[in-house]
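Build out the structure end to end from the sequences listed, making use of the hints.
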Amino acid sequence: MGSLDGRVALITGGGSGIGRATAAIMAARGADVVVVDLNGKGAEETAAKVSTLGRRALVFAIDV
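The numbering of the sequence shown is this note's numbering, which starts it at 734 and goes up by one.
Among the hints, erroneous ones may be present.
For each label pair, taking beta carbons as the anchor points, the in silico distance ranges come out as [claimed, not checked]:
no.: 1; residue 1: F793; residue 2: G763; range: 20 to 26 Å
no.: 2; residue 1: K774; residue 2: G735; range: 17 to 23 Å
no.: 3; residue 1: V741; residue 2: A794; range: 17 to 23 Å
no.: 4; residue 1: K774; residue 2: D738; range: 28 to 34 Å
Hints were generated in silico from the structure; no laboratory data involved. What you are looking at is a predicted structure, and each value in this text was computed from that prediction instead of being measured. We put the CB at the ideal spot given by N, CA and C, even for glycine.
Spelled out as structure tokens, the structure:
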């Protein structure tokens, strides 16, 4: 997978586990990330991790 600069990744289930890891990978490759999870606290923690990678993150605590 190449650079994701200028892209936005929408990650459902991003509050933990595979979703959190995927969000981090997408951010490391240059994407900004939208983290969606029923667990708002977990989604916020993922967003904080994305921010440490220098990317923007939005959080939505919803059931998809």
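How the hints compare with the structure:
At roughly 22 Å, the beta carbons of F793 and G763 sit within the given window of 20 to 26 Å. Between K774 and G735 the CB atoms are about 33 Å apart, so this pair departs from the stated range of 17 to 23 Å. Remark: the range hint 17 to 23 Å for V741 to A794 is upheld by a beta-carbon distance near 18 Å. For K774 paired with D738, a C-beta distance near 30 Å keeps the hint of 28 to 34 Å intact.
In the structure shown, a violation is registered for the earlier hint numbered 2 alone.
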